[in-house]
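For reference, the chains in residue letters:
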Amino acid sequence: MKLIRNRKTVVAVVVLLFFVAPFLPSWLLFLLTIAFAKGLVVLGVVLLLRADLVSFGQGLYYASGAYAVGIALRAGLPVYDALALVVLGVAATTVVAAILGLFIARYRGIFFGMLSTAFSMILYSLLVKLRWLSGGTDGIPVHATTFVGLEISADTVRLIQYYFVLGLATVAVVTTYRVTHSPLGYLMQAIRENEIRVEYMGASVRRAIYRNYVLAGALGGLGGALTAVTVGHISPDMSYWTVSGEFVFVALFGGIGSVFAPLFASVVFEFVRSYAIKISPYTWQMLLGGVLLVIVLVAPGGLWSLVERLRGAMTRRAPQTSKHVDIRAVTAEHS
Amino acid sequence: MTPVLETRDVTRQFGAVKAADHVNVRVQEGQIVGIVGPNGSGKTTFVNIVTGHVKPALGQVLYRGRDVTGLSPPELTKLGIARSFQIPQLYVGLTLLENMLVALSIQSGDHWRFWQPLKTPARINEALRLLDQFGFRDNVDQKVSVLPEGGRKLLDVALSFALGPNLLLLDEPTSGVSAHEKFGVMDALVSVFRDSRITTVFVEHDMDIVARYAERVIVFADGSVLAEGPPDTVFRQAEVIRHVLGEGS
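In the order they appear, the protein sequences are chains C and F. The letter at position 168 of the first sequence is residue 168 when you use the working numbering, and the numbering goes up by one with no holes. The letter at position 198 of the second sequence is residue 198 when you use the working numbering, and the numbering goes up by one with no holes.
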């Protein structure tokens, strides 16, 4: 029952996003496109947060996905379709995550956080120094000439890119939704609640975290590759620690109760940032900080908790709904 | 017959305290064994060593004749050794049902699956059946955090039982359970374990409980085994009376 209602909501939102697009101005399409791409990186951060792991280095995978695409094009790989490039980016990132995960999955808390930052900063300096490979601080221009076979022109480019990212983001979110509701997904919550018990049930905590870490990395790579083919230019900054910090920030901003929260939060965040820059070009960070402060004070559970409160209020208004049922609905939603 | 559990000269020291001092214990298949002893006599250390939480400095732990000394908790759990805890170890942010579902998914080896849902009808039915066996019927969709202490103890045991162990070690299953419920809880537990022919070792402070439910008693004092045998014989020994039941009794 709950699943079906969720499914309906998701389909409705995706359909709305699909049909409303041709009527949106191109700046807004671009903003949404970037927000969705970055939202996928945030989704990876949220997956880790659900197991109580804070990665301050998800920029590593964001940059890996983008640079796998960029370096392949720079090396003259005769691939021009965005989909193929994104698949390449995700595959390369998954390999990186599968290797680094072997080290990182042993650690928790501050050590996990610092180690992930360290790895991302190593990549950052490599990207800056290895000019022959990465183009140094100039970065690499990325030109995808077709999107899933569709030729782009100056008029259609933003719309096609938007649909491309919307499609892949939907696949990624639905996949992640399934994973979080699978035995492995619940195992991550169990690890957050009580690692000792997980070990005494016969499951290896490290192996569980490893798998989750690789998935989070792949999502980061997807976000990075999508950013590369839509923005058209990549630079080492993608792996800089402030970028990773922003992902964590947006994750907390949205809340970790749902797989939809990161994308929603990412869109709101990009809006707030754009308007803050427009309103006060020199002190926009202050404005941004103020808005975020208000959100944190009003909704400590993140933006998504407001959505759930709204939904809760609507259920309460319905007749013969006891408080008990309400609690059940909310706890089920968090799972 | 090979004992299910055997320890040979198991020794472990914490600073100046000998928590386990050449402990030799044998537990036969299907037995229900009670471990008693004053505070700090090494009862919990014994459980911790057998379940891999603490490694012995010396000696061996044998499970069905196989040397399992130094294996990790997940490895021992997979071999069929499960335990419950003195302080219940649960997933308090999840519901009772979800706690049980996680246990069942691990027990069946499905916990690596990421494409099927945890909450399949078959697994839910199995979880409800197990919860029902331990008296959890109406509140299975509530978070564990609302359970009283006694309920948490019981759920902790239920989760260990769900793993389908051959050997179950219970660390003070009735501490935190109110005095008038203790016998009811133990009646329920022991009948479940007898029916499933699980070899059970339980640590207990309450002598009445041990006398009533244990087939054999092992008395610990200062990290070593002071006496063992059937409850009525053991509790008559002078040394045991002095150590465990108190000087005046």
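Hints are supplied without guarantee of correctness; some may be wrong.
To be verified - Label-pair distances were calculated between CB atoms; the ranges are:
id, chain 1, residue 1, chain 2, residue 2, range
1, F, Val146, C, Thr315, 19 to 25 Å
2, F, His180, C, Ala118, 37 to 43 Å
3, F, Asp141, C, Met314, 18 to 24 Å
4, C, Val20, F, Ile87, 27 to 33 Å
5, F, Ser145, C, Val294, 46 to 52 Å
6, F, Ala16, C, Arg206, 55 to 61 Å
7, C, Arg206, F, Met1, 56 to 62 Å
8, C, Ala75, F, Gly109, 40 to 46 Å
If you are wondering where the hints come from, they were derived from the structure by calculation, not from laboratory data. Backbone N, C-alpha and C define an ideal beta-carbon position, used for all residues, glycine too.
Comparing the hints with the structure gives:
no.	hint	result
1	Val146/F / Thr315/C: 19 to 25 Å	holds, 20 Å
2	His180/F / Ala118/C: 37 to 43 Å	violated, 58 Å
3	Asp141/F / Met314/C: 18 to 24 Å	holds, 21 Å
4	Val20/C / Ile87/F: 27 to 33 Å	violated, 54 Å
5	Ser145/F / Val294/C: 46 to 52 Å	violated, 30 Å
6	Ala16/F / Arg206/C: 55 to 61 Å	violated, 34 Å
7	Arg206/C / Met1/F: 56 to 62 Å	violated, 37 Å
8	Ala75/C / Gly109/F: 40 to 46 Å	holds, 43 Å
When held up to the earlier numbered hints, the structure conflicts with 2, 4, 5, 6, 7 and fits the remainder.
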